[in-house]
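Novice: Below, each chain spelled out in residue letters.
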Amino acid sequence: MKGRSCNMKKYRNLAIILLITCLLITSGAMAAQTVSGSDDQPMTPEFAKMLMMQQDYINKGQEVPQDLKDKIALETEYNKTLKAESEKRKQEIEQLEKKRAELEQVNKESPGFKAPTEPSAKQGFDPRPAELIKITLQPEDSKVATVFGNEVYNNIKYTSQADTAYNLLLAGADVKDSTIGVIVNKQYSKDSFDVIYDRQTYPGKGTITFESFADSSKIVIFNYGNGEKGYYDTENNKAVFEPYK
Amino acid sequence: MHSERNVIYMKKLCVFLTCILILVSFNLAAFAYDAVTTESESNNTYSTADSLTSEVTMRGALPAGDADDWYSVYISSGNTAYIQLSSIPSSCDWDVYLYNTNGTTLLQGSSNFNDIGECINYSITTSGTYYIKVHKSSGDSSSQYKLYVQVSGKSFTHSFYVENPTNSTYMTQLGRDAANNLSGLVFLSFGQGDKSGTDYGVWSFAGSHIAFSDVKTAVNNFIQGYLANPRHNQNIEIVVGINNYKGTSLSTTDDYKQVGANLKTCVAGISANSYVDAIYGGFDAEMSWNSPDNTKAVIDGYSGGTYKRIYNFGNHLGDTTDFSGQTDPAWTFTNWSWHASDCWYVSYSGPCFVTPEIYNTNDSLRWTWEKKWCGLHSKSLAFEGLLSTNGWSDSTGAWLYNQNSYNTFNSTLSTNGQGETLEYGTWFARRSQQ
Chain A
0 MKGRSCNMKK
10 YRNLAIILLI
20 TCLLITSGAM
30 AAQTVSGSDD
40 QPMTPEFAKM
50 LMMQQDYINK
60 GQEVPQDLKD
70 KIALETEYNK
80 TLKAESEKRK
90 QEIEQLEKKR
100 AELEQVNKES
110 PGFKAPTEPS
120 AKQGFDPRPA
130 ELIKITLQPE
140 DSKVATVFGN
150 EVYNNIKYTS
160 QADTAYNLLL
170 AGADVKDSTI
180 GVIVNKQYSK
190 DSFDVIYDRQ
200 TYPGKGTITF
210 ESFADSSKIV
220 IFNYGNGEKG
230 YYDTENNKAV
240 FEPYK
Chain B
0 MHSERNVIYM
10 KKLCVFLTCI
20 LILVSFNLAA
30 FAYDAVTTES
40 ESNNTYSTAD
50 SLTSEVTMRG
60 ALPAGDADDW
70 YSVYISSGNT
80 AYIQLSSIPS
90 SCDWDVYLYN
100 TNGTTLLQGS
110 SNFNDIGECI
120 NYSITTSGTY
130 YIKVHKSSGD
140 SSSQYKLYVQ
150 VSGKSFTHSF
160 YVENPTNSTY
170 MTQLGRDAAN
180 NLSGLVFLSF
190 GQGDKSGTDY
200 GVWSFAGSHI
210 AFSDVKTAVN
220 NFIQGYLANP
230 RHNQNIEIVV
240 GINNYKGTSL
250 STTDDYKQVG
260 ANLKTCVAGI
270 SANSYVDAIY
280 GGFDAEMSWN
290 SPDNTKAVID
300 GYSGGTYKRI
310 YNFGNHLGDT
320 TDFSGQTDPA
330 WTFTNWSWHA
340 SDCWYVSYSG
350 PCFVTPEIYN
360 TNDSLRWTWE
370 KKWCGLHSKS
380 LAFEGLLSTN
390 GWSDSTGAWL
400 YNQNSYNTFN
410 STLSTNGQGE
420 TLEYGTWFAR
430 RSQQ
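So the protein sequences, as listed, match chains A and B.
FYI, in numbering that gives the first Met the number 0 the residues of the first sequence are 0 to 244.
FYI, in numbering that gives the first Met the number 0 the residues of the second sequence are 0 to 433.
For the record, the hints were derived by calculation from the structure and aren't laboratory data.
Using N, Cα and C, we set each Cβ at its ideal position, and we do this for glycine too.
Please note that a few of the clues may not be correct.
To be verified - Derived CB-CB ranges, DEER-like:
#1 A:D55 / B:N361: 25 to 31 Å
#2 A:K156 / B:S137: 47 to 53 Å
#3 A:E76 / B:D299: 18 to 24 Å
#4 B:S287 / A:K156: 16 to 22 Å
#5 A:D140 / B:G416: 37 to 43 Å
Whenever a hint applies, use it, and build me the whole structure from the sequences.
Specialist: Shown next, in the form of structure tokens:
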């Protein structure tokens with residue numbers, strides 16, 4: 000009797016151990032099926048989206064692409080960095096808002112407003128340094144596209160570029176009609192931070208090519224048509240089709 | 000006598016009309032489409048207010064004798080009105096106020112001192128026509144301010160082509176005044192990769208070579224400016240971008256790799272601060288501007304060292320018909336071909352993410368098919384929102400406005416089984432209107 004009772008106890012204990020083991024294995028497998036990184040809440044929409052994408056593959060019983068796994072591994076570490084820095088950001092914001100409140104700058108009509116003593120910075124571009132003032136024949140295509148933008152690049156057969164103190168000028172002819180001379184004038188304002196793009200066309204004048212500077216590069220001399228001379232006046236932003244005197 | 004007089008008159012008229020014709024032919028030729036409007040005086044009271052369109056920039060001025068400019072805009076309940084006044088001249092202190100539908104009850108004002116840009120975020124609970132006043136606290140000027148209002152839909156941050164990165168005041172003002180107070184990604188595009196002597200840097204939009212150390216200084220000035228506006232309280236992440244135009248100064252893939260590595264060093268050296276959450280790299284990777292090998296080399300160079308994201312904000316020039324079933328379709332440009340796998344590489348491999356250009360319906364289709372192709376070829380791809388232009392374009396007709404870009408892309412993705420949340424919206428203004 001005693002022996003049977005001992006065996007029962009042993010088998011019971013074994014059954015309990017087996018049951019617990021089964022439960023442990025099952026929960027481990029389930030954990031492997033859920034999204035990794037679930038202990039770290041995503042700090043950014045990008046990471047959250049990646050985790051959702053991964054879960055979507057799992058839910059559909061599909062293989063998660065290796066590139067996504069690799070990306071999640073990278074972002075998991077980055078997420079930790081962001082989390083660690085988030086407290087720092089909060090403190091910085093607190094300091095900033097405290098400083099703003101102290102200066103009472105938010106509303107100049109509020110009591111206690113103190114007008115700052117320093118004047119506001121002057122708006123307007125500085126003149127281009129002397130070493131950058133130049134004329135370039137057949138400027139490089141990619142740089143024309145970067146500086147002037149696609150619409151210029153695609154519509155002008157350009158010959159030359161003139162860089163002055165406050166202007167970037169591109170000369171040539173209309174790509175569809177070479178009898179139409181074209182000058183694009185990118186002007187940097189002295190009094191504001193406006194950059195003005197101005198495209199001027201000159202029917203009948205033919206291809207325009209910049210040649211040289213005059214009057215401290217305020218004047219850009221060009222030739223046009225059959226070698227006739229003209230000049231671009233950067234102070235008045237206009238082309239004059241007669242020799243500069 | 001009378002007939003002689005008439006003949007003389009007609010001759011003079013013909014001469015006059017000929018002069019007009021000549022003058023007209025010298026006028027500016029419109030070669031791109033601009034999405035900016037100008038105020039119509041006199042709009043000095045709320046009863047004569049100019050009508051505003053949401054997300055269309057209005058330019059106006061307050062010269063001598065003009066104390067106020069009034070505008071009206073319809074806002075539906077449940078929306079937040081976002082109002083921004085920027086480009087205030089340096090000698091002026093101009094403010095902005097939001098009034099109720101009766102035109103007289105003040106709801107909220109933004110009255111920073113001096114020429115600091117103003118912004119208002121206000122929740123609307125009753126639908127109706129509301130009034131906005133741009134008020135001259137001091138200073139006359141005929142220089143134009145910019146008034147930007149958004150009253151519904153997905154918010155779009157304002158991104159920038161940086162016209163003069165080495166001017167610290169310009170960069171500070173870009174952050175302080177031009178940047179809007181809306182959360183999300185803000186792209187600062189600096190130009191194309193370039194080599195000068197031994198320096199791998201950038202050919203800027205200002206037409207000169209700058210080092211990445213200059214780019215770093217410029218971004219720090221922008222951050223300083225953003226935080227200097229007392230009303231800026233939205234979290235932004237700055238993306239420091241270059242484009243992939245093929246220039247003659249860079250001739251090998253190693254050159255492009257070095258540009259990528261230097262971009263990474265630059266980005267990693269800029270610190271986040273309070274409302275500026277994070278700094279990332281950006282790449283305007285366009286298929287027709289450079290070969291896939293050179294473009295991918297920039298990514299490879301960037302990928303070294305500590306992990307840092309890089310966002311592709313370029314285009315896709317693949318087929319507008321569904322190419323997802325093809326093995327690895329290719330599209331040929333003047334000097335090179337791009338495959339779908341190349342586009343994926345610079346958009347979602349390793350540290351890459353993509354905020355694609357959605358300027359028109361074709362862009363929407365191409366990126367949708369790219370995502371579908373990835374899904375069918377064991378690659379993952381997701382979009383971190385989209386990049387729009389808010390209506391201007393290189394051609395004479397408008398590209399999609401921000402909300403249309405978002406709706407079009409959303410719809411195209413969903414219709415084709417590729418739907419996802421598009422978290423971010425951002426737009427570049429036309430360079431002359433930044």
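Novice: All hints, please: hold or fail.
Specialist: Going down the list of hints, with the structure as the test:
1. In this structure the hint that D55 of chain A and N361 of chain B lie 25 to 31 Å apart at CB holds, the actual value being about 28 Å.
2. Between K156 of chain A and S137 of chain B, the C-beta spacing of about 50 Å keeps the proposed range 47 to 53 Å intact.
3. For the hinted restraint 18 to 24 Å between E76 of chain A and D299 of chain B, the CB-CB distance of approximately 20 Å keeps it satisfied.
4. The hint said 16 to 22 Å for the Cβ distance between S287 of chain B and K156 of chain A, and at roughly 19 Å that hint holds.
5. Against the hinted window of 37 to 43 Å, the Cβ-Cβ separation of D140 of chain A and G416 of chain B comes to about 40 Å, which satisfies the hint.
Against the hints set out earlier in the document, no violation occurs for any number.
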